[in-house]
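Going line by line, the protein sequences match chains C and A. Counting along the first sequence from 1, when you hit position 207 you're at 207 in my numbering, and nothing is skipped either side. Add 1000 to the 1-based position in the second sequence for my numbering, that's all there is to it.
If you are wondering where the hints come from, they were derived from the structure by calculation, not from laboratory data. All of these numbers come straight from a predicted model, not from anything done at the bench. Glycine included, each C-beta is placed from N, C-alpha and C at the ideal position. Hints are supplied without guarantee of correctness; some may be wrong.
Using C-beta positions, here's what the derived DEER-type ranges look like [what the hints assert, rightly or not]:
hint: 1; chain 1: A; residue 1: R1016; chain 2: C; residue 2: G101; range: 47 to 57 Å
hint: 2; chain 1: C; residue 1: S2; chain 2: A; residue 2: K1240; range: 52 to 62 Å
hint: 3; chain 1: C; residue 1: D31; chain 2: A; residue 2: S1254; range: 12 to 22 Å
hint: 4; chain 1: A; residue 1: D1013; chain 2: C; residue 2: R291; range: 41 to 51 Å
hint: 5; chain 1: A; residue 1: R1277; chain 2: C; residue 2: F139; range: 33 to 43 Å
hint: 6; chain 1: A; residue 1: D1013; chain 2: C; residue 2: I230; range: 39 to 49 Å
hint: 7; chain 1: C; residue 1: R169; chain 2: A; residue 2: I1045; range: 18 to 28 Å
hint: 8; chain 1: A; residue 1: P1203; chain 2: C; residue 2: D23; range: 27 to 37 Å
hint: 9; chain 1: A; residue 1: R1169; chain 2: C; residue 2: A235; range: 46 to 56 Å
hint: 10; chain 1: C; residue 1: P260; chain 2: A; residue 2: G1101; range: 51 to 61 Å
List time: in silico SDA-like cross-link candidates among lysine to any residue, alpha-carbon distance up to 20 Å [claimed, not checked]:
hint: 11; chain 1: A; residue 1: K1243; chain 2: A; residue 2: L1255
hint: 12; chain 1: C; residue 1: K107; chain 2: A; residue 2: L1255
hint: 13; chain 1: A; residue 1: K1107; chain 2: C; residue 2: N95
hint: 14; chain 1: A; residue 1: K1107; chain 2: C; residue 2: P91
hint: 15; chain 1: A; residue 1: K1107; chain 2: C; residue 2: D94
hint: 16; chain 1: C; residue 1: K243; chain 2: C; residue 2: G101
hint: 17; chain 1: A; residue 1: K1107; chain 2: C; residue 2: E166
hint: 18; chain 1: A; residue 1: K1107; chain 2: C; residue 2: K240
hint: 19; chain 1: C; residue 1: K240; chain 2: C; residue 2: P103
hint: 20; chain 1: C; residue 1: K243; chain 2: C; residue 2: D225
hint: 21; chain 1: A; residue 1: K1243; chain 2: A; residue 2: D1094
hint: 22; chain 1: C; residue 1: K107; chain 2: A; residue 2: D1094
hint: 23; chain 1: A; residue 1: K1049; chain 2: A; residue 2: P1091
hint: 24; chain 1: A; residue 1: K1240; chain 2: A; residue 2: V1028
hint: 25; chain 1: A; residue 1: K1049; chain 2: A; residue 2: D1288
hint: 26; chain 1: A; residue 1: K1107; chain 2: C; residue 2: E111
hint: 27; chain 1: C; residue 1: K107; chain 2: A; residue 2: E1166
hint: 28; chain 1: C; residue 1: K107; chain 2: A; residue 2: K1107
hint: 29; chain 1: C; residue 1: K107; chain 2: A; residue 2: N1095
hint: 30; chain 1: C; residue 1: K107; chain 2: A; residue 2: E1111
hint: 31; chain 1: C; residue 1: K49; chain 2: C; residue 2: E166
A short list of chain C residues far from chain A (calculated; beta carbon distances all over 10 Å) [said to hold, decoys possible]:
hint: 32; residue: R33
hint: 33; residue: D96
hint: 34; residue: D297
Number of protein chains: 2
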Amino acid sequence: MSPSPALAAALADTAREIDARFDALLAVPDDPRADLYRAMRHAAIDGGKRLRPLLVFATARLFNCDMNCAGRVAIALEAIHVYSLIHDDLPAMDNDDMRRGRPTVHKQFGEATAILAGDCLHALAFEVLSDPATHPDPFVRAELVLDLARAAGPAGMAGGQMMDLEAERASFDLTTVTRLQAMKTGALIMAAVEAGAILGRVPPEGRTHLRGYARDVGLAFQIVDDLLDIEGDEALAGKKLRKDAGAGKETFVSLLGVEPARERCRLLVDQAIAHLRHYGPEADLLRDIARFVLQRDH
Amino acid sequence: MSPSPALAAALADTAREIDARFDALLAVPDDPRADLYRAMRHAAIDGGKRLRPLLVFATARLFNCDMNCAGRVAIALEAIHVYSLIHDDLPAMDNDDMRRGRPTVHKQFGEATAILAGDCLHALAFEVLSDPATHPDPFVRAELVLDLARAAGPAGMAGGQMMDLEAERASFDLTTVTRLQAMKTGALIMAAVEAGAILGRVPPEGRTHLRGYARDVGLAFQIVDDLLDIEGDEALAGKKLRKDAGAGKETFVSLLGVEPARERCRLLVDQAIAHLRHYGPEADLLRDIARFVLQRDH
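For reference, chain C alone in the conformation it holds in the complex:
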């Protein structure tokens, strides 16, 4: 099944806007840092589904936020995501040669430049968020930084990546795999939705339903990832598949089985949509995103 026309348009708009913003942010300087910027561009431009930026836009739209502010927040979220992919691909980590059908950054530019390119995107994300151009109210800027820093650090994405490394040595149960994934991919998906709510000045206690939505979408997204790792097409994915089983890692699919994993995914998507029941048609894009998670083939 294809995305709904509204979602297809939003995906295309998001891809275009994120590419344009990275292009402007990462203009190659005429000095010895040129390769550093080329490496960041290689990883950041023309790549990926842009799910996190799309979630920022879709949530910001709920609250009629300024869409230039949302664009800056979206690029910060995606910069963190891209930095994590560069570092995850390194030989000492997942040791991947291909990503999105292209050589990984360290394959193309060398390991040292790849490490620094990741570090630079990491810092740039916080530079963008804390810049007055992102939002006139410093309270909003500081909250956006706190939201993203927590999601990226040891209690979020990087902590989840550490658990993932340990997963090759340990034998995790379903509770631990769920926690691992909630940190490794869920935290940044949650941060994207929360960032939209922060821009909309929704106080923390008013974000419960959106957090529930993000948690369920994030988990469903990861289960589909596990299913695609087993059943997917490497050419379509643009990267190596079937690595989890090879590494002896427990996943949702190894612990639940293929059909029950697929069924859990459907339940999570229904549940994600149910969290949005207090919103009207302005949340249709968020609903479409949840449904689309089930249908993606790469």
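Knowing the structure of chain C, use the given hints to seat chain A on it.
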């Protein structure tokens, strides 16, 4: 020559406070991330001169800032410094086995954990700064984040590190080496002093003298580093020396010669102190720090 009694006391107090703060921030969790935290502690606790935290404290004291706020800012600055050391030591970068007389993080915990430990300290720095506990005014928090993110990213520390990598292949002149060092080590030293001024609510146009002080101290610090790389004692330094010449890198010393480099250092320290002429005895600690840069032997 030893540090002045006031500076000796400030160095000891800073070391104690930074260790205590890292100890609390990096409590080892009872889960698969334990090694990640142990790796961060290994790098962060009981190490280094704590120059950047000391500069935060000394500048914050000029403006009678709350010293708990300054402590949180100091730990964020030092977290960025420590993350950069972890990544710089990696095999793909400087490939160092020893740091501060101990095995480097990747030697002790493996490369993957070292990469993630650096990434986590990077994120934690921004989490600490943007937390309301750091300062009640969100404007101050957002400005602290912007100050540090700029200093850490491609226009600052990480960009300088990239230039340093290129220095092995190119033959840089004095202007380029000065710019490289102003980015690689100078930017974070500048950010430490500016952070103190931000806490003191000094507007950007009122920070000119402090910025001048920081620029000169940072440059003097780096020239002394180059001199120690040639003349220093490896046992005292706790790390490998004489690497620049081996790598064919131009430094202040290779470009200027030993005695002229030492002379330039003295001039920079005089100049740094001259920048403080509008301040009274409340800036004596900053003056002592500038003088001490000349006298350090490791």
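Q. Which numbered hints are broken by the structure, listed smallest first?
A. 4, 6, 9, 12, 18, 23, 24, 28, 31 and 32
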